[in-house]
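**Q** Each chain, letter by letter, is given below.
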Amino acid sequence: MKRKKAKDVQRGIWNKETLSAIDNKASSGKHRIRGCGSTRAMPNFDDIVVLPSQLTRMSIDTYREKCDTRTTLGSRSAKKPLVIETPIMISGMSYGALSKEAKIALAKATAKTGTVISNGEGGLLKEELQNSYRQSIQILPSRFGFSKDNIDAADMLEFLVGIGAKPGLSGHLMGEKITEEIAEFRQLPVGIDLHSHPRHGDALGADDMVVKMDQIRQLTNDEVPIFMKIAAGRVKDDVKIAAKVGVDGIIIDGAQGGTGAAPVMASDHLGIPTMPALVQAVKTLEEANLKEEVDIIISGGIKDGADLAKAIAMGADAVAIGTAAMVAMGCRVCLQCHLGRCGFGIGTQDKKQRENLDIDQAAQKVANFIKGMTNEAVLLAKAAGKTKLKNLEREDLRAINTEASAVTGIPLIGTDYVFSESFGYF
Amino acid sequence: MEYLDAANLQSRELNKLLKQKLQKNKELKLKNPHSLHNIGIGLEMGEVIIEGNTGFYAGGFLNGANLTIEANAGWYTGDNMMAGEITIKKNAGCNLAVYQSGGTIVVHGNVGSRLGYGMKGGTTIVCGSAGMWAGQMILGGRLIVLGEVGREVGESMYKGVIYLKDKAVEAKLGGNVFIDDLNKEEIKEINQLFSHYGINEEASKLQALRPLTSGRHQYELFEIDLQAEEARKYSSKSLEELL
Numbered sequence: 001m002k003r004k005k006a007k008d009v010q011r012g013i014w015n016k017e018t019l020s021a022i023d024n025k026a027s028s029g030k031h032r033i034r035g036c037g038s039t040r041a042m043p044n045f046d047d048i049v050v051l052p053s054q055l056t057r058m059s060i061d062t063y064r065e066k067c068d069t070r071t072t073l074g075s076r077s078a079k080k081p082l083v084i085e086t087p088i089m090i091s092g093m094s095y096g097a098l099s100k101e102a103k104i105a106l107a108k109a110t111a112k113t114g115t116v117i118s119n120g121e122g123g124l125l126k127e128e129l130q131n132s133y134r135q136s137i138q139i140l141p142s143r144f145g146f147s148k149d150n151i152d153a154a155d156m157l158e159f160l161v162g163i164g165a166k167p168g169l170s171g172h173l174m175g176e177k178i179t180e181e182i183a184e185f186r187q188l189p190v191g192i193d194l195h196s197h198p199r200h201g202d203a204l205g206a207d208d209m210v211v212k213m214d215q216i217r218q219l220t221n222d223e224v225p226i227f228m229k230i231a232a233g234r235v236k237d238d239v240k241i242a243a244k245v246g247v248d249g250i251i252i253d254g255a256q257g258g259t260g261a262a263p264v265m266a267s268d269h270l271g272i273p274t275m276p277a278l279v280q281a282v283k284t285l286e287e288a289n290l291k292e293e294v295d296i297i298i299s300g301g302i303k304d305g306a307d308l309a310k311a312i313a314m315g316a317d318a319v320a321i322g323t324a325a326m327v328a329m330g331c332r333v334c335l336q337c338h339l340g341r342c343g344f345g346i347g348t349q350d351k352k353q354r355e356n357l358d359i360d361q362a363a364q365k366v367a368n369f370i371k372g373m374t375n376e377a378v379l380l381a382k383a384a385g386k387t388k389l390k391n392l393e394r395e396d397l398r399a400i401n402t403e404a405s406a407v408t409g410i411p412l413i414g415t416d417y418v419f420s421e422s423f424g425y426f
Numbered sequence: 001m002e003y004l005d006a007a008n009l010q011s012r013e014l015n016k017l018l019k020q021k022l023q024k025n026k027e028l029k030l031k032n033p034h035s036l037h038n039i040g041i042g043l044e045m046g047e048v049i050i051e052g053n054t055g056f057y058a059g060g061f062l063n064g065a066n067l068t069i070e071a072n073a074g075w076y077t078g079d080n081m082m083a084g085e086i087t088i089k090k091n092a093g094c095n096l097a098v099y100q101s102g103g104t105i106v107v108h109g110n111v112g113s114r115l116g117y118g119m120k121g122g123t124t125i126v127c128g129s130a131g132m133w134a135g136q137m138i139l140g141g142r143l144i145v146l147g148e149v150g151r152e153v154g155e156s157m158y159k160g161v162i163y164l165k166d167k168a169v170e171a172k173l174g175g176n177v178f179i180d181d182l183n184k185e186e187i188k189e190i191n192q193l194f195s196h197y198g199i200n201e202e203a204s205k206l207q208a209l210r211p212l213t214s215g216r217h218q219y220e221l222f223e224i225d226l227q228a229e230e231a232r233k234y235s236s237k238s239l240e241e242l243l
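Sequence order for the protein chains is V and A.
Residue numbers for the first sequence follow full-length UniProt numbering, beginning at 1 and rising by one.
Residue numbers for the second sequence follow full-length UniProt numbering, beginning at 1 and rising by one.
Mixed in with the good hints, there may be bad ones.
As the list claims (entries may be wrong) - Below 30 Å or equal to it, Euclidean Cα-Cα: the simulated BS3-like pairs (lysine-lysine) are:
1. A:Lys16 <-> A:Lys31
2. V:Lys79 <-> A:Lys19
3. V:Lys66 <-> V:Lys371
4. A:Lys29 <-> V:Lys30
5. A:Lys21 <-> V:Lys148
6. A:Lys21 <-> V:Lys79
7. V:Lys148 <-> A:Lys159
8. V:Lys25 <-> A:Lys233
9. A:Lys172 <-> V:Lys148
10. A:Lys19 <-> V:Lys148
11. A:Lys26 <-> V:Lys30
12. A:Lys159 <-> V:Lys80
13. A:Lys233 <-> V:Lys148
14. V:Lys236 <-> V:Lys390
15. V:Lys80 <-> A:Lys16
16. V:Lys148 <-> A:Lys89
17. A:Lys172 <-> A:Lys188
18. V:Lys79 <-> A:Lys16
19. A:Lys184 <-> V:Lys148
20. A:Lys21 <-> V:Lys80
21. A:Lys159 <-> V:Lys126
22. V:Lys100 <-> A:Lys159
23. V:Lys79 <-> V:Lys25
Just so you know, these hints were derived from the structure itself, not from any lab.
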């Protein structure tokens, strides 16, 4: 047998990525910042399959019969719940991280598809509000550009506690992106590296949030649904607390969630992935007998109609997309959002590069994507015999490997076994 | 002046009543607030005199009304305030004027920690002392503290200004701020404020705290501090022995 030459030997954990990470620390003495969130492989919805209808139930005609996707969110206590045509929301990406053009394109896409867009951290852009179908407003610890007027404009409010890409950390916006326009919008000095407020200054703990929630409800005349966005961590406890605080729904952002800039350490090693987070949230609400009341929106790495269908089957009421919508506009996930040099005119504030994004074309592409994604989910639902997308249930799912089965409590394919605590339908 | 008894009311009912009554009456007196939370939130006009203590979030999102609290105020008083006036005759809890973006708050007593966290505009005057972390990460507006301040005052402030009378402030500065003198215009403005609110004080005795925003990467953030030399004392052998 011929011996391998050293250069041909696989380096195992000492691969190029590891070496680059070490080199980076060796020269800077700091942690590395990157855009787009984690690139790690994690258990996800691709490890699940949907069971088709055969003799046990009748299939619905893919091409001729209807399947309802209209979704109502926040009907627990809001007088005016949010009604959207497809259970796909565009998650909060700030004006600052994204260009004005990209924000407008996303807003226009929601108008074409009848869904909701969240404004993100940097305040509410007038053009975004004018163009969006339904507007969600985030209440963040930094409150950049936030005021009572924003609350009045909202169709939905998100009390943001954390995001999946960097749970437990505050927002980052690198100096390259804080141009004069952004600085004025956020009341910041031009060109500083922004590390925004880490905690809500007006609700330090969960008990205070109960009172805060009452305050916001009074200010909105109990009309607007209030959600709480939390990063997936101790999901069981967090969901219980959020439900007790009195929210209409919970947005859970898994570890695959993206962002404009985050320490790689935080993206890769903080928080649990999207799918197990959803499972735990659903279980917790069911145990508390609140599943029918409190809505769940799941986000973090949602990329196609299969993810949507499986998330709905597991108990989500809607999903939120961020990176996928950007990719639809042209983003190629280069992980360099934090540098603000996006050649596609999406993650940049540079005037010249912003010209590269054709707003109407981008809006159409995102709208097409949302439509296509809905189509895919509906295809699966009909094949499983459902006339409503939300009628998909856990019983329609199987896990294709033991890991996914153990994580979700869904039986392994070819067996009726669940390799952990069951999800509760056998 | 009309009286309103809050003894048997929840904040919801009380705020509805306040709004209704302030449409007709310009002034209202509130009896027995019993430290109720969320008193007078989002009020847009009129004058309310509260004869007692308030709980959390009194005058939150206040948008033009005039609130006088005759006793002590709880945490988060004047949170997200946009316009109007809040006067607190005694002391206030923590996080006073958090995210304030307009209007004026005057406290005649002391306040707790995190005064004006994330403040964006408006004016807050504290005649007594303030706790630690006053003016943390403020984005605008002005804070005036006439008594002592706690440690880390003005930590990471981005914009805005903090006026202090505390002479020992140098030892209590947060990161990214510097002590400066007031210019003539500031002295004039603040003296006007003092006379308007009947505060017996002179602006020229104050010092200003301003953010260091001379450019990128000037923000002094948390740095890991590995003190190798200090750690030598834990070594079993001294350097001499090893050599």
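**Q** Of all the hints given earlier, name the ones this structure violates by number, lowest first.
**A** Checked against the structure, the hints that fail are numbers 4, 9, 11, 12, 13, 19, 23, while the rest are satisfied.
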